[in-house]
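Student: Here the protein sequences come in this chain order: Z and E.
Letter by letter, the first sequence follows residues 1 to 151 of the numbering used here.
Letter by letter, the second sequence follows residues 1 to 231 of the numbering used here.
Do not rely on the hints blindly, as some may be mistaken.
To be clear about the criterion: a stretch of chain Z counts as covered by chain E if any three or more of its residues have a C-beta under 8 Å from a C-beta of chain E, and this derived list gives those stretches [claimed, not checked]: (1) 15-27; (2) 50-56.
Restricting the straight-line Cα-Cα distance to at most 25 Å, the calculated cross-link-like pairs of lysine to any residue (SDA-like) are [as the list claims (entries may be wrong)]: (3) Z/Lys136 with E/Tyr57; (4) Z/Lys136 with E/Ser3; (5) Z/Lys136 with E/His33.
Some chain Z residues flagged as far from chain E (calculated, every beta-carbon gap over 10 Å) [said to hold, decoys possible]: (6) Leu41; (7) Met63; (8) Arg70; (9) Val112.
It should be emphasised that the hints constitute simulated quantities derived from the structure, not laboratory data.
Beta carbons are placed, not taken as given, at the ideal position from N, Cα and C, and that holds for glycine.
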Amino acid sequence: MQLSRVSKPPAMSFSPALRRFVRTLAQVGLIIAIWLLATWLSQHLLPNVPPGIAGIAIALGLMALGLLRREWVADGAAWLLREMLLFFVPVVIAVVQYPALFHQHGLAILFVIVVSTALVMLATGFAVDLAWRLEKRWLRRQGGDADGEPG
Amino acid sequence: MASPVDLLIGLFWLVLTVLLYAAMRHVHQRRPHFLLSPMIVVPAILIATLLLLRVPYASYASQSHWLSAMLGPATVAFAIPIFDYRQIMRRHWLPLSFGVVVGMSVAVVSTVWLCRLVGLPEAIERSMAVRSISTPFAIIAAPQVGGQADIAAICVVITGIVGMLLGEWLLGWLRLDTVLARGALFGTAAHAVGTATAHRRDPEEGVISSLTMILSGVLMVLLAPLLAPLI
């Protein structure tokens with residue numbers, strides 16, 4: 001990244017904001033290419049692996065092998081993750097396709113989702129907390145260093 | 001097939017969605033009240049508009065579907081934070097896997113049980129059972145337990161929004177000490193919407209959340225064929 005900035009001829013220099021925009025756009029393009037490859041793989045070779053998982057595995061594998069440098073996709077990935085909520089909007093809008101269903105059962109569905117989500121959160125939070133304490137105690141008994149207190 | 005007018009109408013909805021989102025994100029950053037969250041206001045305005053003007057969903061989605069198409073590449077983008085924080089996964093795989101297994105079991109059992117309690121039809125129950133995992137996974141897992149992929153997808157996103165609000169509220173008085181527990185809470189219960197929330201709260205929490213979200217999705221897709229006869 002730094003190198004290209006230095007070696008670029010003056011005639012090609014854009015404002016930093018524009019250059020950053022083009023770079024992010026190109027990186028998003030590269031991530032979309034990985035996604036398309038993953039979709040093709042999951043359609044033709046690995047029907048039980050969802051394309052999302054295949055794509056993450058491909059990207060991680062390429063980075064572990066050193067074939068894909070983190071800097072080549074980092075800005076694009078950060079942008080995609082930051083704006084991800086926008087991509088969910090059309091999915092929610094799909095409720096207008098089922099007016100009768102959500103008119104009749106909407107409140108009951110919402111009730112189930114709220115209560116169940118709260119239960120999942122409580123159970124997961126306490127399960128991880130408990131397992132982490134056990135892991136810490138176990139590591140200490142092993143004589144190992146249990147310094148890795150996260151958070 | 002699609003006339004220029006249809007194309008323009010489709011583009012209008014796409015542009016309106018993006019502009020509303022950008023405007024509400026700006027407002028939400030200045031006044032971070034949950035009711036001003038873009039995930040609440042934008043769908044509410046759009047749904048009300050479509051219903052009032054009697055616009056069919058196909059017309060809205062003709063170009064806006066490009067936005068939901070970006071969910072795929074956005075899932076792939078999680079590879080970067082996972083790569084950056086791979087040491088956390090290597091070190092804490094045990095609590096995280098344990099949390100995911102507990103979380104997914106509670107999700108399926110509580111959903112089925114609550115649906116029966118309030119008397120929801122079996123078709124909805126089956127579409128809801130897989131709802132706490134991410135959309136791409138839910139679309140695969142839902143038909144395997146006899147659910148409907150698009151209803152599952154809607155319930156997935158509603159779950160995400162509910163989880164986003166509930167999570168922040170619960171963590172306000174739960175006092176979970178570790179970033180592991182806080183991140184896993186978002187990842188298992190509220191998939192990518194929860195992960196986006198966790199990421200905004202703290203990047204490390206976001207990473208834990210994305211790891212547990214992926215583990216949950218994989219676990220559910222693998223377990224769905226086995227669960228089907230039990231539901």
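Student: Determine for every hint whether it applies to the structure shown.
Tutor: Going down the list of hints, with the structure as the test:
Given a C-beta distance limit of less than 8 Å, the hint that chain E covers the stretch 15-27 of chain Z is violated, as 0 residues qualify and 3 are needed. Here's how the stretch 50-56 of chain Z fares: 6 of its residues keep a CB closer than 8 Å to some CB of chain E, so the rule of at least three is met and the hint holds. For the suggested pair Z/Lys136 and E/Tyr57, the alpha carbons sit about 52 Å apart, so the restraint of at most 25 Å is broken. About 64 Å separates the Cα atoms of Z/Lys136 and E/Ser3, which puts this hinted pair outside 25 Å; it is violated.
At most 25 Å may separate the alpha-carbon atoms for a hinted pair to count; Z/Lys136 and E/His33 exceed this at roughly 38 Å. For Z/Leu41, the shortest C-beta to C-beta distance to chain E comes to about 12 Å, beyond the 10 Å cut-off, and the non-interface label holds. With a least beta-carbon separation of about 5 Å from chain E, Z/Met63 fails to lie farther than 10 Å from that chain, contradicting its non-interface assignment. Residue-level check failed: Z/Arg70 sits 7 Å from the nearest beta carbon of chain E, not beyond 10 Å.
Its closest Cβ contact with chain E, about 4 Å, brings Z/Val112 to no more than 10 Å, contrary to its assignment away from the interface.
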